[in-house]
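Protein chains: 2
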Amino acid sequence: MKPSKIIEEMLERLSEFVSLLTPEQKQELKSEVSVERFKKNEVLYREGEVPQYLHCLMSGKVKLYKEGVGGRIQIMRVMKPVEFFGYRAYLANQNYVNNAGAFENCTICMIPIELVNKWMEENNKVAIYFVRLLAVELGVSDERTVNLTQKHIRGRLAEALIFLADTYGMEEDNATMSICLSREDLASLSNMTTSNAIRTLSAFQTEQLIEINGRKIKFVDIESLKKISKIG
Amino acid sequence: MKPSKIIEEMLERLSEFVSLLTPEQKQELKSEVSVERFKKNEVLYREGEVPQYLHCLMSGKVKLYKEGVGGRIQIMRVMKPVEFFGYRAYLANQNYVNNAGAFENCTICMIPIELVNKWMEENNKVAIYFVRLLAVELGVSDERTVNLTQKHIRGRLAEALIFLADTYGMEEDNATMSICLSREDLASLSNMTTSNAIRTLSAFQTEQLIEINGRKIKFVDIESLKKISKIG
DNA sequence: GTGAATTTATGCTATATAACATATTTTGGA
DNA sequence: TCCAAAATATGTTATATAGCATAAATTCAC
Chain A
1 MKPSKIIEEM
11 LERLSEFVSL
21 LTPEQKQELK
31 SEVSVERFKK
41 NEVLYREGEV
51 PQYLHCLMSG
61 KVKLYKEGVG
71 GRIQIMRVMK
81 PVEFFGYRAY
91 LANQNYVNNA
101 GAFENCTICM
111 IPIELVNKWM
121 EENNKVAIYF
131 VRLLAVELGV
141 SDERTVNLTQ
151 KHIRGRLAEA
161 LIFLADTYGM
171 EEDNATMSIC
181 LSREDLASLS
191 NMTTSNAIRT
201 LSAFQTEQLI
211 EINGRKIKFV
221 DIESLKKISK
231 IG
Chain C
1 MKPSKIIEEM
11 LERLSEFVSL
21 LTPEQKQELK
31 SEVSVERFKK
41 NEVLYREGEV
51 PQYLHCLMSG
61 KVKLYKEGVG
71 GRIQIMRVMK
81 PVEFFGYRAY
91 LANQNYVNNA
101 GAFENCTICM
111 IPIELVNKWM
121 EENNKVAIYF
131 VRLLAVELGV
141 SDERTVNLTQ
151 KHIRGRLAEA
161 LIFLADTYGM
171 EEDNATMSIC
181 LSREDLASLS
191 NMTTSNAIRT
201 LSAFQTEQLI
211 EINGRKIKFV
221 DIESLKKISK
231 IG
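These protein sequence lines map, in sequence, to chains A and C. Quick note: the first sequence uses our numbering, first residue 1, plus one each step. Quick note: the second sequence uses our numbering, first residue 1, plus one each step.
Hint data in this document are derived by calculation from the structure and do not stem from the laboratory.
Coverage of chain A stretches by chain C, computed from C-beta distances (three or more under 8 Å per stretch; other residues unrestricted):
hint, stretch
1, 70-76
2, 94-108
3, 132-144
4, 147-154
Glycine residues also receive a C-beta, built at the ideal position from the N, C-alpha and C atoms.
With the hints as extra help, turn the sequences into a complete structure.
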């Protein structure tokens, strides 16, 4: 798709945000935003780098992840279209503390991040928008901490599957997840080793909770999965 | 101390925030703020409740905690004077998702939380202040997630001790932590069972990293502790 | 001050999960 | 199309940590 077309789509699908901007700010957004494409598995930014852009994911799927003890990867968040990301560090006056990578080819609108500061100073609706965004994110993050630390492997994996289904939706059959992750990514999301992700996934299949076909995962008994996810 | 004296102190020690307020807003703050005292171990608010106040801790120590799987408690954050807390839920239009409790007797300035919204709408400096606060908190929370999930028990406990020392400081000897926690609280902070907190603390003492005297903990070899904390 | 309740200490056992090994399947590039 | 590399599958072993039991020490209420 042509960049101009994508920018148009952004303005439309982000109307909740764009409508807060003044006419001048809207004009600035239009003239300063650029469109970039990233290939599957490409890194968008790395921990330690200076944040430059407010990213707006237009198509594709993105993961934000940390490299923890011994380089072990923990996926912190996953992004879907149309969502902002990559703004926290700048708003906290920090360099990035996460890495961002593409699960699949994706298209991203890049908005120079200083504009956000400028807009917040000119227009408190914009500032309040980010207050809400961050406040919600913080709640999610805290919730995630407890889930990852307290639930057992089966609970964590079941939760990850349900979360991915909620986030990215299903295929036409309304049962097969539309996102296909490697077992390794699934493990990084659920805080376990790849072996255990593979093993537990097999167990779920044996128990007729899911059907596996390569990386395609189909829900068979979603209620039981939810129960497993809740109990831990 | 008299409430009026405490409010005066708040205005002073929170000058970074108060200086952002307009004269009218400052007046509103003064006339609407109230002072409450809580006893050691008292609960300030609970998960599920509607947020009513922006809390500003003036004296004492406070924990924010969640009850996770099977009621198991995870301490998410600890507050020290003079810090705001209890605002996230309101800013996200949610009820509280955490509980707040007093480690020790404490004095808290309670500011009706709708004022925050009013001030943010009137004055974008206030909104930007909370943007920064939330952005920093979110970074801390993500970091904490990885530390709690990836580090081993010794690493988590060492980290908790160092964190508490950094937060609440030392006694006059410059080596004894000024906060005294039960082993249970220490465990809830470090995501482990009470037995393991006790055991690991004993091990640290045996290894001459700390000295234990009841709930008093004195650092003997803080460098080694930092190393343990880092390696995990 | 005394007894009951709580907290701390320590040992032993059970269990969840990581780590390792090896085989099989799938994928991607030349 | 074929080969090498990567991903998946599965079994076995090692280990970190939870769980339980019991005793000692401390705290608290009366």
